[in-house]
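Quick note, the sequences are listed as chains E and B, same order.
Under the numbering used here, think of the first position of the first sequence as 1, with each following residue one higher.
Under the numbering used here, think of the first position of the second sequence as 1, with each following residue one higher.
Hints were generated in silico from the structure; no laboratory data involved.
Even glycine gets a Cβ: it sits at the ideal position worked out from N, Cα and C.
There could be a bad hint or two in this list.
Ranges between beta-carbon positions, derived for each pair [to be verified]:
| # | chain 1 | residue 1 | chain 2 | residue 2 | range |
| --- | --- | --- | --- | --- | --- |
| 1 | B | D177 | E | V77 | 45 to 51 Å |
| 2 | B | T44 | E | E28 | 31 to 37 Å |
| 3 | E | I45 | B | Q135 | 20 to 26 Å |
| 4 | B | T188 | E | E68 | 27 to 33 Å |
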Amino acid sequence: MTVHDPRDVLEPDLPCNLFVELVTDYLEGALPLDQRALVDAHLTICVGCATVLDQWRTVISLAGRIAEDEVDRVDPVVRRSLVVAFSRLRPA
Amino acid sequence: MGADYDDDAVLVAALRLGDTTAFEWMVDRYHGSLRRLALNYVATGAVADEVVQETWLALIQGIDRFERRSTLKTWLYRVLMNKARTRGLREQRTRPFSSLDGDDLTLSGFDPDRFRPADDPEWPGHWAAPPTPWQEQPDRHLEATATLDLVREAVAELPPNQRQVMALRDIDGWTSDEVCNVLGLSQTNQRVLLHRARAKVRLALDPTLESAT
Numbered sequence: 001m002t003v004h005d006p007r008d009v010l011e012p013d014l015p016c017n018l019f020v021e022l023v024t025d026y027l028e029g030a031l032p033l034d035q036r037a038l039v040d041a042h043l044t045i046c047v048g049c050a051t052v053l054d055q056w057r058t059v060i061s062l063a064g065r066i067a068e069d070e071v072d073r074v075d076p077v078v079r080r081s082l083v084v085a086f087s088r089l090r091p092a
Numbered sequence: 001m002g003a004d005y006d007d008d009a010v011l012v013a014a015l016r017l018g019d020t021t022a023f024e025w026m027v028d029r030y031h032g033s034l035r036r037l038a039l040n041y042v043a044t045g046a047v048a049d050e051v052v053q054e055t056w057l058a059l060i061q062g063i064d065r066f067e068r069r070s071t072l073k074t075w076l077y078r079v080l081m082n083k084a085r086t087r088g089l090r091e092q093r094t095r096p097f098s099s100l101d102g103d104d105l106t107l108s109g110f111d112p113d114r115f116r117p118a119d120d121p122e123w124p125g126h127w128a129a130p131p132t133p134w135q136e137q138p139d140r141h142l143e144a145t146a147t148l149d150l151v152r153e154a155v156a157e158l159p160p161n162q163r164q165v166m167a168l169r170d171i172d173g174w175t176s177d178e179v180c181n182v183l184g185l186s187q188t189n190q191r192v193l194l195h196r197a198r199a200k201v202r203l204a205l206d207p208t209l210e211s212a213t
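The shape of chain E in the complex, shown without the other chains (with noise of 0.2 Å):
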């Protein structure tokens, strides 16, 4: 970002302020084309939305660890039973 080439006054750059209101609709694939090609194009100048981006990314694979981590936390007392009125109400 530190050299000014001419190129950049033609195609003008998306403003990080601009930027940070549309990561989800980025990860989403809600961007209408144009406007995905100028995200992309920002991105790889720009440290600090990078970074945006990388951390959205990373909130969003812990968020997905929390539910591995209750799927072994089912309370044994009321899954066997519920399991047990299953069975007494739909016997196989």
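Fit chain B to the known structure of chain E by using the hints.
Below, chain B alone, put in the same frame as chain E:
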């Protein structure tokens, strides 16, 4: 190795035949998530447990009448939300106004001061104070658990509608179509809620994870 319960036709048929394995598969898969969703509407974990239990009973008793106009999963979550809403109203539970939404300064959770002003001669709207990259994810189990606890707390403090969307999308891994369907949201609205939610969770993690090694 058993039947492919991911196939709704297989699952519904198995449940109708009283296949306990199919029911256990559902409980293991959805119980925690149903309970999380119920907690959006009712005051205590005990009531949430009751609501989830009633929902399972509704499934057991209603599976014969299930017409597969939606997936069984969607149907199950709709039943839960109806029951939880009813219970929540009966308990007259209202959340404090401040948590109802519309409380956000910006969608993204970044202070406007962190960007250069619009009349900046060189880089209007670009970073004045860029974010600090987070440290690599800690491998050690204890630290990883602490980080997950932070995420859990941050999600718990979100306004209810943001919490629901983020819990279903990012914790339970639902598609946006499924979430819109069950919660009755437009795609746009769903993305806005999701973005706000992730932004707040990011903000909550930032002080801990940015601390350089």
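Each hint, compared with the structure:
Evaluation of the 45 to 51 Å hint for D177 (chain B) and V77 (chain E) yields a failure: the beta carbon distance comes to about 35 Å. Distance hint check for T44 (chain B) and E28 (chain E): the Cβ-Cβ separation is about 35 Å, which falls inside the suggested range of 31 to 37 Å. In this structure the hint that I45 (chain E) and Q135 (chain B) lie 20 to 26 Å apart at CB holds, the actual value being about 24 Å. At about 30 Å, the CB distance of T188 (chain B) to E68 (chain E) agrees with the hint of 27 to 33 Å.
Consistency note: the structure conflicts with earlier hint 1 alone.
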